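Quick mapping for you: the protein sequence lines, in order, are chains A and B. Residue numbers for the first sequence follow the numbering used here, beginning at -7 and rising by one. Residue numbers for the second sequence follow the numbering used here, beginning at 669 and rising by one.
It should be emphasised that the hints constitute simulated quantities derived from the structure, not laboratory data. On a predicted model such as this, the values are computed, not experimentally measured, just so you know. Each hint should be verified, as a subset may be incorrect.
To be verified - Each computed DSSO-like pair below joins lysine-lysine, with the alpha-carbon atoms no more than 27 Å apart: (1) B/Lys710 <-> A/Lys90; (2) B/Lys725 <-> B/Lys746; (3) A/Lys61 <-> A/Lys(-5); (4) B/Lys725 <-> A/Lys(-5); (5) B/Lys746 <-> A/Lys90; (6) B/Lys725 <-> A/Lys90.
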Amino acid sequence: LAKTTQPISMDSYEGQEVNITCSHNNIATNDYITWYQQFPSQGPRFIIQGYKTKVTNEVASLFIPADRKSSTLSLPRVSLSDTAVYYCLVGYGGATNKLIFGTGTLLAVQP
Amino acid sequence: EPEVTQTPSHQVTQMGQEVILRCVPISNHLYFYWYRQILGQKVEFLVSFYNNEISEKSEIFDDQFSVERPDGSNFTLKIRSTKLEDSAMYFCASSEDLGLAGEKGNEQFFGPGTRLTVL
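Starting from the given sequences, assemble the full structure and let the hints guide the process.
Listed below in structure tokens is the structure:
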């Protein structure tokens, strides 16, 4: 499974767009990139998943450059309730579906 | 929206005692998982379960741990003889199927967790 590197923490203000970048230099051809969100004392929650280019859903966008060695989670107009830990995971579903979490990025949104 | 539920929300036990953590996965899901998170640390995979047998387990999941799907709805994690270091949040998760990552079935839905405190 590919190792990921992301900032330990980020600060933002309400209404701003937040971009969290994850590096995954040894991503394999079959690997997908998935982001989860975790609030304190709650289970992780799936945000978005992609393979290449750009994916958008109702809560976030995921930008993946052509070489796929990094990806950026973009949260538009964050609010206080977006304060959480965000995890970047890289791996292939296939025959195994275990999720390997890193330390994540603690996003602190201030008023 | 369907969700994974877990009971109890908090379990306090004495070292050496057996505990059973219970989970009700989303009803049409076929794959079930247990993860744990020690306070202040990252979420760690314990075990995955499919078709009434363990698919994969981590080094943490030693002989003290076992999982079972005793009926059509519950999925349990048993710790036979708890140790102090078993104190953690335990999360159950489920997914529709493995499929290919990138398809909807790959998404894992997590429960709210059970906080296990071993004294």
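A quick look at each hint next to the structure:
A threshold of 27 Å between alpha carbons decides the hint, and for B/Lys710 with A/Lys90 the separation of about 14 Å falls inside it, so the pair holds. The hinted pair formed by B/Lys725 and B/Lys746 meets the criterion: a straight-line CA distance of about 14 Å does not exceed 27 Å. Proximity of A/Lys61 to A/Lys(-5) is assessed by CA-CA distance (about 11 Å); at most 27 Å being required, the pair is judged to hold. Note on B/Lys725 and A/Lys(-5): the hinted pairing holds, with a Cα-Cα distance of about 20 Å set against a maximum of 27 Å.
For the hint linking B/Lys746 to A/Lys90, the alpha-carbon distance of about 19 Å falls within 27 Å, and the restraint holds. The suggested pairing of B/Lys725 with A/Lys90 holds, with an alpha-carbon distance near 9 Å, which does not exceed 27 Å.
Of the numbered hints stated above, none is contradicted by the structure.
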